[in-house]
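Enquirer: Take a look at the letters that make up each chain.
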Amino acid sequence: MRSVRGPLLVLAAVLAAALAGLGCAPEPATTARAGLLDEGALDGWANPNATIPSDDALLDQLAEALELRERRELDRLLDAREPGELFEHAMLDQNALDSGAFGPAALFVVGDDLFDFMFRPENGLGNGLDGPPPHLRRVHLGEVGGPDAFACSSCHSLGGLDGAGSNTQNAFFRGDGDLTSSADVRNPPALLGLGPVEALAREMSRDLADARAALVAEATASGASASVALETHGVSFGELRADATGRLDTRGVVGVDRDLVIRPFGWKGHQPTIRAIAAEAFRVHMGIVSVADQVRVARGELDPAIYGDGGEFDADRDGLSVEIEDGMLSTMSAYLAQLEVPIVAPPDDELALIRFARGGALFGDLGCASCHRPSLELADPILPITPDHPDLADRPPILIDVAHDGDLPKVEQRVVFGSTYEVALFSDLRRHDMGPELATPSAVATVGGIVAPSVFLTRPLWGLAVSAPYLHDGRAPTVEDAILAHGGEAAPARDAFEAASDDDRAALRTFLMALTRHARLGIP
Amino acid sequence: VKARAALFVCVLCSACSEPPAPRVCPPVELVAPDPLSIDAAREAHRWAALRRELRFEEARAPGAVMRLTSARTEDPDACLSELYVAGRILFEHEASFADGLGNQLAPVGPRSPFRRVHEGRFGGPETNGCRSCHWRGGIAGGGGLVDDALLFGDGDAVSSADARNPPALSGVGVIERLAAEMSAELAVLRDDAIGQARGSGANVPRELEARGVRFGALVAHPDGSLDTSGVEGVDADLVVRPFGWKGTVATVREASQNALQIHMGLQTEELVDERAGDTELLGTGSASDPDRDGHARELTSRQLDALVLFLAAQAVPILRPHERVDGLERAADGLLAPLGHVYVDEWIAGRALFDDLGCASCHRPQLLLLDATFVSGGVTLDLATEAEHPRIRYDGASGGYPVFLFSDLRRHDLGDENASTHVDGGVPPRQWLTRPLWGLASSAPWLHDGSAPSLDLAIARHGGEAAESRAAFEALDFDQKGALRIFLMSLRRQWRPAVP
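If you're matching them up, the sequences are chains A and B in order.
Numbered by the numbering used here, the letters in the first sequence go through residues 1 to 524 in order.
Numbered by the numbering used here, the letters in the second sequence go through residues 525 to 1024 in order.
Hints in this document: simulated from the structure, not taken from any laboratory.
Please note that the accuracy of each hint is not assured.
[What the hints assert, rightly or not] Partial selection, computed: residues in chain B whose CB lies under 8 angstroms from chain A:
no. : residue
1   : N652
2   : H846
3   : E870
4   : F878
Beta carbons: idealized from backbone N, C-alpha and C, even for Gly.
Isolated chain B, as found in the complex:
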């Protein structure tokens, strides 16, 4: 124990001259530990202790967390578990100016370095860490109404901006893979149509469908060009972009880099390289330090690897009918003990109503993932065996991994009642990606602007293509509405102990 205490000090201050022993990564376990076990409780406390240690270390030497995670992730042999820890540390880190937080673009700095309403695509920054907005319902959760990001504004007026409620980040690795497979399916259809058009010398129309989701149709011309005016619910390049309320981002990596830039003013080296010259996004400083805060490479590609791994490895939500609440005693003298309730009948009825009302036509209960390998930058993660529990499982009958996402990963017109202020990434104001409903019960309030504190309000705001389903819900009787809500409340995250 003494030696291990010393080791911690050595690791942090690099005072140790002895080289570490060669690292051997552990085998990946296949048995699910119970998220409500004593081990999970102990681990929650260990995380809290680590956070505390890091706060003291940061107090001693500002920037320590960034340096530590940078140094520890540089090792090309770093185990997944180590990258995961680094990623989680980065996710929970409260960034400071020593880390490159914010920018120094204005000639005279404002009294507060934060700006709540974004200015154009550059962003705020409005905060100092990921957890600030992704906290509800557990780690990497959603945000409250007050946490809404105010995007694409003039830097001051709320009315100039588009409010976006921070979505929960559960299962984003799975979502990225699903979208990529759907994109690949669409690409095959397109390439096949082009091939046929070239061969036959005639126009070839082609219906677009991936995983049973229809994306309109295109026409391939003999010269290899395309008429994509009939394409629906996806960009003309047929790349399914599952992230962002409007479905504008294809990968966790891109979403993370973008968020670090616009919300914290932390510029990853990759973003600065890939988007070089995009001064609207990055700022007008030098090539290596576009936000002119004196910090280049604010996050290395390996740190980004770690952060992306942490996010991709997040557990997927569960779908669990409520079974029992008996045996609870009264919480205090004077209060009544809760009555036992079983809602299985309501749940079954609600599940059927979800289909009957038409909810399921966009909020597809299940999409099938064929390959569970998540790859981003320098990390590879098997989502079915290496991610956090609960995770996706192979189903022999369907030949893949059923994902209970409750989305078709396609855009739909939701009517004027939901129209955004700005066109976002080419997506018109009334169009939104079908919001995955998994984890719904853990991520209130709902809708893109977080304006719905109840399910009824969220449903009532559905317009456009969803107007009929809304009307059908409103026509239900009291018991039927109750049943549908009971079903929706069963879409939640696995309970897991945490020490904040």
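Chain A with its partners taken away, still in its complex shape:
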């Protein structure tokens, strides 16, 4: 497990340094420098006051990174000697999980390996639906997908492990298999903080479902039509009506599907759980079809035109039956749910710190914060991960405590023990219309409805600074470009930003560049 030592936000130290005063000084006499890269080479470039961990902390970090690296190396050598070993080390099947021997820490370790594992044809990479497998395809063929990648880490490494993707890593969804212009382009988002996000979404969905149930009960009991303003965690989702028989009228529902399930994953918010988006990603990017999906195809619950028409034991016709079974998906989900959350790290420099503070205020004043909610409150940090194979519904869920299990930093309690957890994600987990300029070529279907081309989930902004380029298709190289591309419901905020002074715009940009992630030492 990758841990964090030392304080996360050394705001006090930053302020102290900033208050220490500013003045000009001549360049110091040449210090003893050694090679191109030894200490000293950065003098005059970097702020020497930048917070660098203590020597003790550095040694700990180095030892930890080295150990992880050695484990990886050993696995790779075992696999070189006997191909297949690596894959075995990166998987736990449902039977193994049912033994109860594996806690969150073990699932983290194995999931971490699986995340980095390069799938090969012998592991079920790709499909044989129209030509010999794996049939790599950079532009996806309809909903069938690619495959366009070998590993999760191929597209989620920018800014650190489990990070975002660059423009070259954009996915070309729902295309004709060849023309980039035929496809719906998506930039890979960072995966930090998915656990708290799913837990939040579940809470919000539960609240909305409760409101719906209460409304139906009220209408049927009173024998008269009734309505309720849907609101949860301070976010409004329009109005729900019910007639005297309890039949629902969802035309007033906004920002969420009519089934009132919050789907926080995907640029348009089309998947409700880490497990669902992971299974989708395995399938469309690597051609790894889950056993649960194969069973559903065989039972007529899923479309063979999308999942493959090869039947229950090899839906995607690549000669492999078990590509990713429930235990593996549970492991991957448990791993992702335990990842760290991004942080806010204000600048060390005094003037930049002042800009940062003003930028934070402007973020509210300009209207950004009305959708990019700085934080939402999570009451229950326990996230259940359940198998989705129809025959495994009775298995006990794996419980992940998203506030404690896995990588630090984690979401923290607002005030004292017993209070809610603050999830500083800068999103309302609600969909908004972003106008025609940002609209995607295609609408996206969810279990609960259709997300229109111009509609997107409010993108969480945490970790923003290390996830450029921005927007769903990575068209914006800078935050400034991204802000100016906002339209639709965000047009007033964009106009306010455009009308702001150069200084104010610089302040807002500075604030946004403080939304980053913990600086973690690793050995690539």
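With chain A held as given, fit chain B onto it using these hints.
Expert: Quick look at chain B alone, frame taken from chain A:
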């Protein structure tokens, strides 16, 4: 400490009126610091802190990084270490429109300024920085399958383009020097043949060989002209071009400028001058701003010096048999502790098989470099004493610097199974430069299009001249194949801590 904090601010905002003291460059150290030392860990954090500082500075004043690196590299007395830092900053920089990213050639701008499939030789641009595609296995590493560049296309269809997997950039300075020395050897042979032909009045045939690598033969005519139809594996001009999957580029400088143009739309002043009039490559704008984005001299020659220095100074990969993995405890409750393994016997057997199977005939384990001085533009770097560790070392017995490159820097026919869509720089579809295998284990996936996620697949795709070796590998038994893979996995980069 207070003064140094202030200094940083002064340097960035040029608010300081006092001139800096004369610069004295440090002596070059000769003792290798351990890449896994606490100093290396501290430095990794300092780089992360610098990146953060620069992000804030860029947020304050867009274009700041380009201006800063331009200003700091203009100084003709800048130390190598300072140029190196500037080069690394540029390599890691995420470019913006303020820097000249992209172009404004289309009458109406596209919604996204990026274009994943290149249009002809002009390119995309498809990204905003070098790191976007050179990241796997550490800094200046290779790219994944998704990072493949789609070259020479129609701007839209993947099928119209040639997919090229971003190669790792380790040791490119050494490779450039090796190729230059081989080119010089070939030039001597050619010039000597011409001299003899002129003197004797008869045709003079000459076998071409450099560093033990054969490049066919040429015939010199008495009038000084050449018949190069027998030349093999290199262009008729006998210049060994070691960069690009097809071996079409001779220098790090040229490769960098080309990459900046086609992948980012960043035009160096040198490229704009040297290739003036090449509208297919540069665009149809004005002489000073061919890509019509309102930015001329998007990178100065000194910035390019810095970038090239950073790349040329990259460490060379290592060749290290696996020695120990004992003492590792179980990673978490429920998991087994890894068993200790020593693969030295397999490694020795694999190394022998590499020769026996014929792999080594193209993937030459070693080439000898005679002069370690790397010169490009205004920078000079001694690759043996000033580059990053690990670096090449002088060997008295051989009288030069052994380079464990695992390539002959020559082109070979790899068969129809590898044929490219386009002729690239005059190189036919089936021909490819022997890919250096050093650093192999750190740069998966493999092959020119990154289509091989395993060594077996990569070997299985070898055709043409390599077909016999492929067949020989396939005929091996389980243990022998394992041994060869163990050997190949020992070609890797030195581990080095990094803070992304």
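Enquirer: Evaluate each hint against the coordinates.
Expert: Hint check:
1. N652: Since the shortest Cβ distance to chain A is 5 angstroms, the answer is holds.
2. H846: Interface hint status for H846 of chain B: holds (6 angstroms vs cutoff 8 angstroms).
3. E870: Constraint on E870 of chain B satisfied, holds at 7 angstroms.
4. F878: This hint is violated: F878 of chain B lies away from chain A, its Cβ roughly 14 angstroms from the closest one there, beyond 8 angstroms.
In summary, the one numbered hint that this structure violates is 4.
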